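Given the structure of chain A, go ahead and fit chain B onto it with the hints provided.
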Amino acid sequence: MNPTYHKADWNPYVAGIALGLVLLLTYVLMGFGLGSSSAATRLAVAGVSVVAPDAVADNAYLGQYVAHGANALDDWMIFEVIGVLLGGVLAAYSGGRIKRGELLRGPTTSKATRIAFAIAGGVLMGFAARLARGCTSGQALTGGAALAVGSWVFMMAVFAGGYVAAPFARRQWR
Amino acid sequence: MMPIYQNGGFDYPVAMMLATLLGVGFGFVLERAGFGRANVLVAQFHGTDMRVLKVMFTAIATTAVGIGLLSGFGVMDVGKLVIPETFMWPQLVGGLLLGVGFVISGYCPGTAVVASASGHVDGLYTLGGVMVGSLLFGFVYPLVEGFYEAGDMGRLVFPDVLGIPWAVLALAVALMAVGSFVLAEWIERKVSAKQGIDAPSDPPRVRNRTLGALGAVAVGALVTLAVPEPEPAAPKAPELASLSAVDLARQIASEPDGVYVVDLRSPAECAKGGGVPGAMCLPADDASASFLATLPPTRPLVLVDADGAGAVPPAAGRFAGTAYRVEGGLAAFQKDVLTAPAPPTEATPEALSSYRMRAALHARFTGAAAPVDAPMPTVKPVQRAVKKGGGC
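Those protein sequence lines, which keep their order, are chains A and B.
Take 1 as the starting number for the first sequence in this note's numbering and just add one per residue.
Take 175 as the starting number for the second sequence in this note's numbering and just add one per residue.
No lab work stands behind these hints, which were simulated from the structure alone.
These numbers were taken from a predicted model, which means no experiment stands behind them.
For glycine and all other residues, C-beta sits at the position ideal for the given N, C-alpha and C.
Check each hint, because a few of them may be wrong.
Claimed, not checked - Some chain B residues well away from chain A (every beta-carbon gap over 12 Å; in silico): (1) Gly248; (2) Gly432; (3) Ala442; (4) Thr519; (5) Ser527.
As the list claims (entries may be wrong) - With a cut-off of at most 30 Å between alpha-carbon atoms, the simulated DSSO-like pairs for lysine-lysine come out as follows: (6) B:Lys446 to B:Lys509; (7) B:Lys368 to A:Lys7; (8) A:Lys111 to A:Lys99; (9) A:Lys7 to B:Lys364; (10) A:Lys111 to A:Lys7; (11) A:Lys111 to B:Lys368; (12) A:Lys99 to A:Lys7.
Just chain A, same shape as in the assembly (with noise of 0.2 Å):
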């Protein structure tokens, strides 16, 4: 048996057939395709502004989510996470895998190390998100599939990334 396998998950042929259908129907009913990092954006933005709402809204950045008075929250991304968070259950839920409070490690990995690479590359993710103008989902998958050219290249990019970084990070899972 592979490590990784569960018996709770699709064949992956499947899997990508039923997600690219979402994402088509996405199109087909919006216009836009799918995504998630400017949702994290928009609440980091929005637990800023209640404490410092001028470092918010001087920003050159980060004042265009709030310019206006617009609140950074009303937004279809933030309700489509909302979803993505609620199929994310029911799919756990019923197939019998809602891990509540696992941190997944390698055998010797202590907690405080994986701890720290899930915070240092949810960091860079979250720079590298802005930067690009979207993540996996909102740039690599949506642009992906709608043969959008920037989109290729930020794909092929995350790809060797992840390649070129994947011995040195790979401690963690020892």
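Relative to chain A, chain B alone:
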């Protein structure tokens, strides 16, 4: 006509409800693909389980074939799809950084949401990091702004770049995907054997049937190539609404900058004068007339030639706003506006008010003294083009 929301099929609250429902589908599939577990995702980069590539490329091929099929039969307007714009350099560097962040955290932003949903706290830590990283980007934005805008190529899609129809390219993507799957499964077997573990054992029968069905649809989509292309919206002589010389004069009198006026006579004739004040001189057969199509549609476009019967630049037909041509051309403008009106022969209120208005316009455009009792015309401006777009 698709896309439905962009074509006004439903309003904002319905869109937000659909956002949540589509998100449920997205999240459900990601979780069932196994993407809620970091060790599954990074196995892609260790070569032991390459399902990230399999799921992603199958999905991309499916959607691309679907869009090709719908647009090929003319039920979907690809031009109305909001497609990520190409900014070559930030997307290349952003992709590299995101790939590094992916293997460090074990998730990408979307899969971190699904991981959190299934209770994996490393997904939550990753999401916290993504939030911090976004803010970090905002705070260093002044330093990276130039790079963020570098390599701006706008809405750039392969069918336009290569001049190959959607359906053909979608089939090529599907074939490329299958090729990459053959390679990926070969790598899985090699690497797993080397590490003494079992390679992923998804039944080949399911793979063959699934990809076979996708391939059949992709090949079937080629029949759309036989569907006749709709006639381009710019025939030789575009049909333009007509506008009387007096209405044009009223528009200019009330709001000189509210309208684009183009004089279609040759530059030599324009130089002789007698044209509409403020008009730009641009002969119909001039190569640069194509820029008319790219004018922002915030004001109406008015074309005027010598007699209202000359050729009109085809680009005017592609102007996104409302385009008019002046009835009777400059001859009518001369006769109705630049010539002093004859006093009315009968004293009906309509004749009198029309006389007063024309006398006022004559005064406004020639500098002649207006009749004492002539009020400035009450002006109803030409209807403005409605701004398009918005929504997301």
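Evaluation of the provided hints:
1. Gly248: holds, 14 Å
2. Gly432: holds, 25 Å
3. Ala442: holds, 45 Å
4. Thr519: The claim stands: Thr519 (chain B) keeps its Cβ more than 12 Å from every Cβ of chain A (closest is about 57 Å).
5. Ser527: It holds; Ser527 (chain B) is separated from chain A by about 43 Å at its closest Cβ, greater than 12 Å.
6. B:Lys446 to B:Lys509: holds, 17 Å
7. B:Lys368 to A:Lys7: Judged against 30 Å, a Cα distance of about 25 Å means the pair holds.
8. A:Lys111 to A:Lys99: holds, 16 Å
9. A:Lys7 to B:Lys364: holds, 24 Å
10. A:Lys111 to A:Lys7: holds, 27 Å
11. A:Lys111 to B:Lys368: holds, 29 Å
12. A:Lys99 to A:Lys7: Answer holds: Lys99 (chain A) to Lys7 (chain A) is near 15 Å, not above 30 Å.
Going through the hint list in order, the structure satisfies each hint without exception.
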